[in-house]
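Let's have the full structure, built from the sequences with the hints guiding it.
Residue numbers (my numbering), protein chains in the order written: chain A, 1042 to 1304; chain B, 1042 to 1304; chain C, 1042 to 1304.
FYI, nobody ran anything at the bench for these hints, they're computed from the structure. This one's a predicted model, so the numbers in the text were calculated from it and none came from an experiment. Heads up, the beta-carbon is just placed ideally off N, CA and C, and yes, glycines get one too. Be aware that one or more of the hints could be misleading.
Stated by the list, open to error - To spell it out: a stretch of chain A is covered by chain B in this simulated footprint if at least three of its residues, at any positions, have a beta carbon under 8 Å from a beta carbon of chain B; those stretches are:
1. 1102-1110
2. 1132-1145
Said to hold, decoys possible - Cβ-to-Cβ under 8 Å is the rule here; a few derived chain A residues that face chain B:
3. Phe1066
4. Val1067
5. Asn1070
6. Val1071
7. Val1231
8. Ala1233
9. Gly1275
10. Val1281
Stated by the list, open to error - Far from chain B, by Cβ distances over 12 Å, these chain C residues were calculated:
11. Gly1125
12. Gln1127
13. Gly1139
14. Ala1142
15. Asp1153
16. Gly1171
17. Ala1187
18. Ser1199
19. Gln1217
20. Pro1303
The chain contents come next:
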Amino acid sequence: MTNKPGLHLAHMREAAPLVQNITNFVAMNVMANVLLAIGASPAMVHARAEAAEFAGIAQALSVNIGTADPEWGAAMMEAAQAMGAQGKPWVLDPVAVGATAFRRDLGARLLDSAPTVIRGNASEILALAGSDAAGRGVDADDPVSAAEAAARHLAQRSGAVVAVTGPVDFVTDGEQAARIANGHAMMPRVTALGCSLTGVVAAFCVTASPFDATVAALAAFGVAGEQAALGARGPGSFAVALIDALHGLTPEMLDRQARVAPA
Amino acid sequence: MTNKPGLHLAHMREAAPLVQNITNFVAMNVMANVLLAIGASPAMVHARAEAAEFAGIAQALSVNIGTADPEWGAAMMEAAQAMGAQGKPWVLDPVAVGATAFRRDLGARLLDSAPTVIRGNASEILALAGSDAAGRGVDADDPVSAAEAAARHLAQRSGAVVAVTGPVDFVTDGEQAARIANGHAMMPRVTALGCSLTGVVAAFCVTASPFDATVAALAAFGVAGEQAALGARGPGSFAVALIDALHGLTPEMLDRQARVAPA
Amino acid sequence: MTNKPGLHLAHMREAAPLVQNITNFVAMNVMANVLLAIGASPAMVHARAEAAEFAGIAQALSVNIGTADPEWGAAMMEAAQAMGAQGKPWVLDPVAVGATAFRRDLGARLLDSAPTVIRGNASEILALAGSDAAGRGVDADDPVSAAEAAARHLAQRSGAVVAVTGPVDFVTDGEQAARIANGHAMMPRVTALGCSLTGVVAAFCVTASPFDATVAALAAFGVAGEQAALGARGPGSFAVALIDALHGLTPEMLDRQARVAPA
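What follows is the structure, encoded as structure tokens:
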């Protein structure tokens, strides 16, 4: 494991990549602020009339099905395919993909469009991989470890790096794998932080290989979460402190505090 | 008045109910954070392609017409009817229902779909009840007391519990009624807190009768507001502190600080 | 230069104008909170089924194309024309107008509908004026000074007051012009603050002439930003403190700290 998350953070910040996000309504504001805080340049561009055209100027794309509808789904497909055609990275966030027929169908079609990275909780990765996991809304009831085999299989089948996030994250490209033991129990008590992390993964993919980028992004987010928890009095002040911590995170802090191990 | 709001808070938290919210774009993020903070499990699922199907797994539903359009209105109707058919609670938030013909029509159709609870400010309850109230945007210009008779009438006609929120809240099922004298003047200076409260009412309805649930939810929200105001320097820090306070609220604090009286 | 921003702030607050906003999904919540904090009454009403009707009761309108689509574009046009027909002010925020064909077309059509004020960053004003500026997403890469000539030309051609915001803002009606040297470097690190400022300009236009209103609104926002920066530890706590500062801003503070000069 030669991953140097601090180096990847520094490279990402130097590039300040333009990241297009087709995300859900709950996440849009916090995701844009997370991306600005860590040093990327977010653009929330999802209308079908312009999503694929905008993909021509974006350097990475994140696609999140949290509040999609058929029209948005079409824009997601078109933008994802535009990124693929240009050899640019895009990251799939299959929110609650097991919950409804519409989500299962949209998730399957996006999976067929060759995402660079897939990030979800254990339930979502199990559902996307075709395992019969409990798909109760957007909560992760499955521990990450129960989804590791499904993640490896999904990575091999799709060619994507697959990240299962939870108390300890698991990342695999189907061959190598890593666990990231950063983060804080307050993180799932704030809405849309997982969604926001997906955008961070997309940003890191502009200047690093998908596997290294994903590991570094997860470590950076988790270390910032630990920092944020120090002075937080609850999920409200935690959310504010997380933005401050992402802004203040240095490559040195990240390398010192990252707990990344091969899996 | 035998209402024990602390007990209802404890029961709701134990159930951690999955609450589906078809709400407005302004409220989505803060409403999800409010529901997480108080201990429920929110899901913002509104697309017509899946709203009624998702209602099959949700334990309660809130419907808010703040930024609806005809397509969303159809999804609201379908989800509300699905909840009704399954005997599960749903709560109507008729934002600015008197302001436009579209809202009046949608509000009337949702009212005909038998909501379990209706929560609005005085203007909204007066407008929904058919009184000629000033419908200036989403602000409450009418004092709560002026809407009490309309609320009783609306409750009797619709079979719903009706809550009129303001400086002192009024709740009635058409027979019994209560006033809740909690809250803080900063609350209407933060957008979407009333919308968020509607989701909290829906969560409490999963484990308590509609009248008791509504009274307890309003008391809990108001007590948290009082707590939040202690250290706030303005509406920005107040909003953050409110999320912390909802998270930190205990049944004992709630029972001690709730100011509920029969009306 | 006889501009008295404090006086205009006091007049706006006394009127507490109902400002309709057809804005993007990222900005809706923070924009509503900004408008409440400074003393206006925001309403986020954009559905085509009611946008023009609601314009009949609103006192000012802001239109922001940040996440528009063709249906929203139609609602924007109808609401803007309704405001114009009633002689009420409306403000255009041409977010990333140079980025896609859809935005260029919608921006041009809105420009033809006679906005009272146009507020953008240098890239956006250059693009709207027909200059060939870099239209990379929503970031302002062009310094304000490079857009001054385009702003004067755009003001003369359209009849609108044009505001170019950046480190030092520039405002012109095509004849007179002013520079406002307030604000803080943290402001562009929080998403949707420029969008929110556009709503503040709309609010000030209800009780002051467009040029004076725009200058006063920009000064008020910038002074609040300076105040917010005093205790902020990063963009998260800055955003919270900005809402507090807008709420706490007094006319006296504004007059004392405003740095407005003729240009």
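Okay, the stretch 1132-1145 of chain A and chain B, do three or more residues pass the C-beta test at under 8 Å? holds (count 6)
Does C:Ala1187 sit more than 12 Å from chain B, CB to CB? holds (34 Å)
Please confirm whether C:Ser1199 is truly not at the interface, meaning its C-beta sits more than 12 Å away from all C-beta atoms of chain B. C:Ser1199 clear of chain B: closest Cβ-Cβ about 29 Å, beyond 12 Å.
Min Cβ distance, A:Val1231 to chain B: is it shorter than 8 Å? This hint holds: A:Val1231 lies near chain B, its Cβ roughly 6 Å from the closest one there, short of 8 Å.
Report holds or violated for the interface hint on A:Asn1070, using the least CB-CB distance to chain B and a cut-off of 8 Å. holds (6 Å)
Does the interface hint hold: is A:Phe1066 within less than 8 Å of chain B, judged Cβ to Cβ? holds (5 Å)
For the stretch 1102-1110 of chain A, do three or more residues have a beta carbon lying closer than 8 Å to a beta carbon of chain B? holds (count 4)
Regarding the assertion that C:Gly1171 does not contact chain B, is the least Cβ-Cβ distance greater than 12 Å? For C:Gly1171, whose nearest Cβ neighbour in chain B is about 32 Å away, the distance exceeds 12 Å, so it holds.
Is the hint on A:Val1281 kept, meaning its closest Cβ partner in chain B is under 8 Å away? Interface hint status for A:Val1281: holds (6 Å vs cutoff 8 Å).
Taking 12 Å as the cut and beta carbons as the points, is C:Gln1217 off the interface with chain B? Nearest chain B Cβ is 34 Å from C:Gln1217, so the label holds.
Assertion that C:Gln1127 lies outside the chain B interface [Cβ separation over 12 Å]: Holds, because the least Cβ-Cβ distance between C:Gln1127 and chain B comes to about 16 Å, which exceeds 12 Å.
Whether C:Asp1153 stays farther than 12 Å from all C-beta atoms of chain B, as the label says: holds (25 Å)
Checked against the numbered hints above, the structure violates none of them.
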